[in-house]
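Please model the complete structure; the sequences and the hints are all you need to start from.
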Amino acid sequence: MTESEPTLRLEGIVKTFPGVRALDGVSFEVRAGEVHALLGENGAGKSTLMKVLAGMYQPDAGQIVVSGRPVVMRNPIEAKHNGVILIHQELSLAEEMSVAENIFLGELPRRRWGFVDWKSLHERVATILDKLNCDFGPRTRIDTLSIAKKQMVEIARALTHQARIVVFDEPTASLTDQEKVVLFDIIRDLQRDGVGIVYISHRMEEIFTISNRISVLRDGTHRGTLETAETDEDEVTRLMIGRSLSYERNREAPDVGDVALAVEGLSCGRLFDDIGFELRAGEVLGFYGLVGAGRTELAETLFGLRRPTAGRIVLGGSEARIDSSVEAIRQGISLVPESRKEQGLVLSMNCRDNMTLPQIDDLTAGPFVSNGGEIAIYDMYRDQLDIKAPSWRQLVQFLSGGNQQKIVIGKWLAMKPRVLIVDEPTRGIDVGSKAEIHNLLRELARSGYAVMVISSEMPEVLHVSDRIIAMYQGRITRQFTAAEVNEDNLVQAISGIGPGSGGKARPIGAQAA
Amino acid sequence: MAQVLSTPTAPRLSGAFRWLLRHPIWGFVAVVFIFFSFATAHFFDVQNLQNVLVQTSTIGLIALGMTLVMINGNIDLSVGATLALAASLTVDIMGWPVFADWGNWQLLPAVLAGLAAGVAIGALNGIIVWKTGVDAFIVTLGAMLGVRGLVFVYTEEQSFYAMNFAYSDFGASSIGPLPTLAVIFIVCAIAIHLLLSQTVHGRNTYAVGGNREAAVNAGIRVGPHMVVNFMIVGFFAALAGITLSTQMGASTPNLGRDYELWVITAVVLGGTKLTGGAGNIIGTLGGVLAIGILRNGMNLMQVPAFYVLVILGTILIAVLFLDKQLNRKGEEELRL
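Going down the list, the sequences are from chains F and C. Sequential numbering from 1 applies to the first sequence in the numbering used here. Sequential numbering from 1 applies to the second sequence in the numbering used here.
Don't read these hints as lab results, they were simulated from the structure. Ideal Cβ positions, reconstructed from N, Cα and C, are used throughout, including at glycine. Among the hints, erroneous ones may be present.
Unchecked claim - Pair ranges (Cβ atoms, derived): (1) C:326 - F:291: 28 to 34 Å; (2) C:334 - F:161: 24 to 30 Å; (3) C:14 - F:203: 43 to 49 Å; (4) C:17 - F:70: 19 to 25 Å; (5) F:202 - C:194: 55 to 61 Å; (6) F:341 - C:223: 25 to 31 Å; (7) C:31 - F:193: 56 to 62 Å; (8) C:334 - F:16: 37 to 43 Å; (9) C:133 - F:428: 22 to 28 Å; (10) F:202 - C:31: 55 to 61 Å; (11) C:321 - F:361: 27 to 33 Å; (12) C:326 - F:229: 55 to 61 Å.
As the list claims (entries may be wrong) - As a list, the in silico DSBU-like pairs of lysine-lysine whose alpha-carbon atoms are at most 35 Å apart: (13) F:51 - F:416; (14) C:273 - F:119; (15) F:51 - F:119; (16) F:416 - F:388; (17) C:273 - F:341; (18) F:180 - F:416; (19) C:324 - F:341; (20) F:341 - F:51; (21) F:341 - C:131; (22) F:131 - F:119; (23) F:180 - F:119; (24) F:131 - F:180; (25) F:388 - F:341; (26) F:131 - F:51; (27) F:51 - C:131; (28) F:416 - F:341; (29) F:51 - F:180; (30) F:51 - C:273.
Below you can see the structure in the form of C-alpha cells.
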C-alpha cells in the first residue's frame with residue numbers, strides 16, 4: 001500500500017490517565033500530501049491523540065515516526081521543530097497582545113540582547129496574513145477581532161514553520177463560508193507542498209469534500225481507516241458509534257397552546273439586532289447558527305443577564321421588564337446554560353443541593369433549610385428525569401455528562417417555568433444519553449412547556465424542533481417550520497447566503513471588528 | 001525617552017485623549033499636581049519636588065518589579081520584608097571587621113550581598129510557586145512572615161547604623177539638578193519599560209498572564225519565566241531597601257512594613273490587572289507619582305496622617321471604578 005515512507009506514522013500509542021485508558025494502542029499513518037480525516041465521538045480519544053502529537057502529553061507506550069525517523073517530543077516547541085504543528089480548536093490566544101505576537105508566540109524573532117525584532121516579525125506576519133486574505137494587520141490587537149478572525153490567526157500559525165504535518169482540530173467551527181473557502185485553499189496549498197494534514201471535524205460533508213482517507217477512533221482504539229472515495233457517511237458513522245444512527249426528523253404535529261413568549265425588535269448593542277419571534281406553549285423552537293451568531297447572547301438577554309438596547313419582551317400576553325436573573329426566574333423563564341460545568345452546576349456540591357439551588361430561600365423550616373423538602377424535590381425529579389446517581393449525596397462532578405445535564409434541567413423544572421431555554425443541550429454528552437435528552441425535551445413540550453433549544457448540531461435541531469429560527473451575525477435570516485426545512489436551506493440561512501425571507505443579513509459583527 | 005515622562009498635554013488632542021484613556025491615572029496625577037501647586041505655598045518649590053521624587057523612588061523601584069510579577073498573574077507580598085532584610089544586611093556587612101581597611105570599597109560587598117539576598121528570596125518564591133503550584137499570594141504571604149522573622153533573628157531586634165558616612169552621603173547626593181536616588185529610579189524605570197515592551201521576555205510576560213494555556217501551548221517555559229520575574233522584583237525590593245537606608249544612614253528591623261500594600265496600590269492604580277495579562281510601566285509610574293504627590297501634598301497641608309490613609313483608600317477605589325467605567329466593553333456587557 002505504501003510506496004514511500006509516510007510522513008507520519010503512529011505505532012501503538014498508549015496513554016492512560018488515572019482510571020481511564022484514553023488511547024489504547026492507536027496506530028495509523030499519514031502520507032505526504034494527503035488530507036487524513038480523524039473522526040470519533042467526544043471522548044473517543046481524538047484530543048488526547050492530538051496532544052500527544054503536539055508534545056503536550058507523553059505517550060506511555062508506542063512510537064511516533066516522522067518521515068521515517070522516530071521522534072520524542074517533550075514539549076510543543078520540539079514538536080514544531082519536528083515539523084508537527086497543531087491548530088487548536090479552543091482559541092489559544094493572548095487577548096491583549098497583537099496578532100503578530102500571537103502568531104509567533106513562544107518564538108518571537110530576536111535581535112541582540114533579547115530585544116524583539118519587530119521589523120522582521122511584522123514583515124513575516126504581513127506575508128502570511130496576505131496569503132490568508134485577512135483584512136487585519138499584524139499590529140491589530142486580538143481582543144478587537146471577531147471569533148472567526150481569531151480562528152484565522154490560529155490558522156496562520158500553521159504557516160510560520162516548514163511544516164511536515166499540520167493538525168487542524170475542528171478548524172471550521174466558527175468560520176463563515178467565505179473563510180472556509182480560504183481555509184480549504186490553504187489546505188490544498190499545503191498538500192501541494194507535500195505536507196501531511198490531519199483534519200478533525202464532525203462535519204461529514206466537509207470531510208467528504210476535502211479528505212483522501214478517513215480514520216475512525218472509538219473508545220481510545222483505532223477502528224479502521226477508509227479510502228474516502230470508496231466509503232459513505234453511513235459506513236463511517238457505523239464505525240464511529242458501533243451502530244447505524246440516523247436521526248429521525250421531527251414529524252409530530254405539535255399541540256400548541258397560547259403564545260408564552262413574544263419578542264419584538266429585540267437588540268443588544270452589536271451582539272444581535274432586531275430579533276422578533278413567538279414561542280407557544282407546547283412547542284420546541286430551535287435556534288440554529290454558527291458560533292457567534294448571537295444565539296447565546298439572546299438567551300442571556302431573555303434571562304436578564306444582559307440589558308437589551310431596544311425592543312420588547314412579552315410574556316404570557318403582557319410586556320415584561322427583565323433586568324436580572326432573579327426577575328426572569330420570578331416571571332417564569334429558566335435557562336439551561338451552554339456550559340454545564342462552568343455555568344450550570346456547582347461541581348463540588350451534591351445532586352440535591354444543586355437541584356434546589358435557585359429555591360433554597362423558600363425551602364425553610366424555621367431558621368434552617370428544610371432537609372426533607374429538599375430531598376422530596378430531588379426524589380421527584382430523579383424519578384421523572386430518570387437521573388442515575390447512587391444517592392443525593394453524590395457530588396455532581398462524578399456524574400456522567402448526561403446525568404449532570406438532567407440535574408440542571410431538573411433544577412429549572414422545579415422552578416415551574418413557563419419558558420425553558422436550553423442552550424446546547426447535548427454538548428459533551430455521549431450518543432446514548434443524547435437521545436434520552438432529546439426525548440426529554442420533546443416530552444417537556446408535550447406536557448405544556450414552551451421550549452427554546454439553541455444548538456450548533458444540525459441533526460439535533462432537525463430532530464427536536466417544531467420550528468427552526470436561523471441566525472447569522474446577530475440577525476434572524478429565516479424561520480422554518482419542520483415541514484419546509486432541509487439541510488441545504490438551513491445551511492444557507494446560517495451562512496447569510498441564499499433566499500432569506502427575513503431580509504438581507506447585515507454583517508454587524510464584521511463591521512465592529 | 002520622552003514618552004516615558006511625557007505629560008498628557010501632547011500637541012495632538014485626539015492622540016492625547018486616547019493616550020489618556022489608556023493611562024487615566026496620568027489625568028489624575030495632573031489634577032492633584034495642579035491642585036497642590038495652588039493649595040499649598042511650598043508644593044511647587046524645586047526643593048519639594050525633588051523630595052517627592054526621592055520619596056517616590058522607594059515605592060517606585062519595587063513597583064517596577066511588581067508590575068512584571070502582576071502582569072504574569074502573580075503577586076509578591078514579601079517585598080517589604082525583603083527590603084528590610086537587604087537593608088539590614090547591607091548596613092551590617094559594611095561594618096564587618098574583615099572589611100575594616102577597605103575604605104569606601106567596603107560598601108561594595110555589602111551592597112552586593114544585600115542585592116543578592118533580594119534576588120535569592122525572589123528565586124525561592126518563584127521556584128516554590130513553580131514547583132508546588134501553590135498560589136503566589138499564599139507563597140509570598142508565607143515569605144512575608146518568614147523573612148520578617150529572619151530579619152528580627154538576624155538583627156536581634158536592633159537597629160544598625162552605617163559606620164561609613166559615604167553611605168549616607170550617597171543618599172543625599174545629587175547628579176545635576178536631580179537627586180541621585182531619583183536618577184537611579186528613572187534609569188531603572190526606562191530599563192524595565194524597554195524590557196517589558198521590547199524584549200522577548202517582556203512580551204512573554206504578557207502572554208503568560210493573558211492566557212497561560214496559550215503560552216504553554218506555544219512552548220514558553222512558564223515556570224522558569226515566572227521565576228525570573230520574581231527574581232527581578234526581589235532585586236528591586238533589595239535595591240529599594242538599600243536606597244532607603246542610605247537616606248537614613250541606618251536600618252531598622254521594622255523597615256518597609258506595609259510597603260507591599262503601597263506598592264500593589266500604586267501598580268493597580270497604574271492600570272495593571274490583578275488577573276494578569278495587562279499593565280505597563282507608564283501606568284505604574286503614574287500610580288507611584290499619584291501616591292507620592294498625594295502624601296506629600298497632604299502633608300504640606302497638614303492633614304493628619306490617619307486622614308491621609310482614609311483619603312488614599314477612597315481614592316484607590318474611586319480611580320478603579322472610574323477606570324472600569326471608561327473601559328467598559330459597552331452596554332451589551334454580560335451583567336453577573
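Against the structure, the hints come out as follows:
no.	hint	verdict
1	C:326 - F:291: 28 to 34 Å	holds, 30 Å
2	C:334 - F:161: 24 to 30 Å	violated, 37 Å
3	C:14 - F:203: 43 to 49 Å	holds, 46 Å
4	C:17 - F:70: 19 to 25 Å	violated, 60 Å
5	F:202 - C:194: 55 to 61 Å	violated, 47 Å
6	F:341 - C:223: 25 to 31 Å	holds, 27 Å
7	C:31 - F:193: 56 to 62 Å	holds, 59 Å
8	C:334 - F:16: 37 to 43 Å	holds, 39 Å
9	C:133 - F:428: 22 to 28 Å	holds, 26 Å
10	F:202 - C:31: 55 to 61 Å	holds, 57 Å
11	C:321 - F:361: 27 to 33 Å	holds, 30 Å
12	C:326 - F:229: 55 to 61 Å	holds, 59 Å
13	F:51 - F:416	violated, 44 Å
14	C:273 - F:119	holds, 29 Å
15	F:51 - F:119	holds, 33 Å
16	F:416 - F:388	holds, 22 Å
17	C:273 - F:341	holds, 26 Å
18	F:180 - F:416	violated, 43 Å
19	C:324 - F:341	holds, 28 Å
20	F:341 - F:51	holds, 22 Å
21	F:341 - C:131	holds, 28 Å
22	F:131 - F:119	holds, 19 Å
23	F:180 - F:119	holds, 30 Å
24	F:131 - F:180	holds, 14 Å
25	F:388 - F:341	holds, 18 Å
26	F:131 - F:51	holds, 27 Å
27	F:51 - C:131	holds, 22 Å
28	F:416 - F:341	holds, 23 Å
29	F:51 - F:180	holds, 24 Å
30	F:51 - C:273	holds, 31 Å
Of the numbered hints stated above, those contradicted by the structure are hints 2, 4, 5, 13, 18, listed in ascending order.
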